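So the sequence shown is residues -23 to -1, 1 to 299, counted in mature numbering (1 follows the signal peptide of the UniProt record, and there is no 0).
It is worth saying that the hints were derived from the structure and are not from the lab.
Computed from a prediction, not measured in an experiment: that's the story for all the values here.
Errors might be hidden in some of the hints.
[Said to hold, decoys possible] Below, computed lysine-lysine pairings styled on DSS-like, alpha-carbon distance capped at 30 angstroms:
id, residue 1, residue 2
1, K224, K108
2, K293, K108
3, K270, K293
4, K242, K38
5, K234, K224
6, K38, K234
7, K234, K47
8, K270, K133
9, K224, K242
10, K94, K293
11, K29, K256
12, K94, K108
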Amino acid sequence: MRTPKKGLLAIGTLALMSFGATAQTTWNMATPYPEAEFHTQNINQFAQDVNKLSGGELTIKVHSGQSLFKHPEIPRAVRSGQVEIGETIMSNLSNQSPLFQVDSIPFLVTSYDSARKLWDGQRPFVEAYLKDQGMRLIYAIPWPGQGFFTKKEINKLADLEGVRFRTYNSTTEQMARLMKAVPTTVEAVEIPQAFSAGIVDAMVTSAATGLRTEAWEFADYYYDIQAWMPKNMIYVNERAFQRLSPKAQQALIDAGKEAEVRGWKLSEEVFSDTTAQLKGKMNYQLPSEELMKGLAQIGDVMTATWAEAVGPDGEKMLAPLR
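Construct all of the structure, not just a fragment, from the sequences and the given hints.
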């Protein structure tokens, strides 16, 4: 039976359309933070760069503010392939692997320079862990350093003894106990009320959180100690990555490198901006040498405890800081 020319033409057109469709891929990305957050803004630029560098082959649709999955659910969603790419604060994975605990050890890193050195030591281990889980690291960006907000002046570690100190996880509770403060669990949304009611007298958090909660209404001092600088990481499902064309794979890698450089710079800018705003609203202080010496000793204790639990890999991770 002969096929009419019109039929052949239609079949050819459909084949071309089908080929064109398979050359274009859309990925869904789950992120936990709102659009206004600098991490999310950096991700949006990353997605645009991927699309451009891939020549339109790969489009990443960003779902911000936990709109697709709750923060704790994102790693499992990426691992299982429910979404192709996601963002997570690395310390959230501490219960899965102790290598992620290092991100929230107080006073281990107190500057962007030391944070970069730690990341240089961490990165190979994070990449290996994700690979074992069927995922691939793309990039990581630090949050600005955390500072002390207090009702009274703090010049030395002894000044924190007996102070009701806001805690929100096991790490901050351990830190408070080592400072001989009184650990008191308070959720972020309850911070202003807890200070006003005398439930807590001090807390450690970022300048950005201090601005959001209007800390000057309930605390008098802000100490710029940069207690720790946790990182958010962007990672993808390895099977989804392997299904991409070489061009799209390279676009993802190259855009990730650009996003990491840009994101570290953005983090520093956010830190400078929010700190400057706090200076105009409350008593801004750099910590005394005596206070930092005492806090560093606490950091040493917590670091040693962590390194002992992790073993030789822990020492390798910390080597760039030595």
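Here's how the hints hold up against the structure:
1. For the given pair, K224 sits about 21 angstroms from K108 by alpha-carbon distance, which is consistent with the 30 angstroms threshold.
2. The hinted pair formed by K293 and K108 meets the criterion: a straight-line CA distance of about 19 angstroms does not exceed 30 angstroms.
3. A threshold of 30 angstroms between alpha carbons decides the hint, and for K270 with K293 the separation of about 25 angstroms falls inside it, so the pair holds.
4. A threshold of 30 angstroms between alpha carbons decides the hint, and for K242 with K38 the separation of about 24 angstroms falls inside it, so the pair holds.
5. Distance hint between K234 and K224 is fulfilled; the C-alpha atoms sit about 15 angstroms from each other, no more than 30 angstroms.
6. The hinted pair formed by K38 and K234 meets the criterion: a straight-line CA distance of about 19 angstroms does not exceed 30 angstroms.
7. For the hint linking K234 to K47, the alpha-carbon distance of about 26 angstroms falls within 30 angstroms, and the restraint holds.
8. Proposed proximity of K270 and K133 is supported: the alpha carbons are some 9 angstroms apart, at most 30 angstroms.
9. As the CA atoms of K224 and K242 are separated by approximately 27 angstroms, the hinted pair is consistent with the 30 angstroms bound.
10. About 12 angstroms separates the Cα atoms of K94 and K293, which keeps this hinted pair within 30 angstroms; it holds.
11. The straight-line distance between the Cα atoms of K29 and K256 is roughly 41 angstroms, outside the 30 angstroms bound, and the hint therefore fails.
12. Pair hint K94 plus K108 holds up; C-alpha atoms about 22 angstroms apart against a cutoff of 30 angstroms.
The structure shown violates just one earlier hint, number 11.
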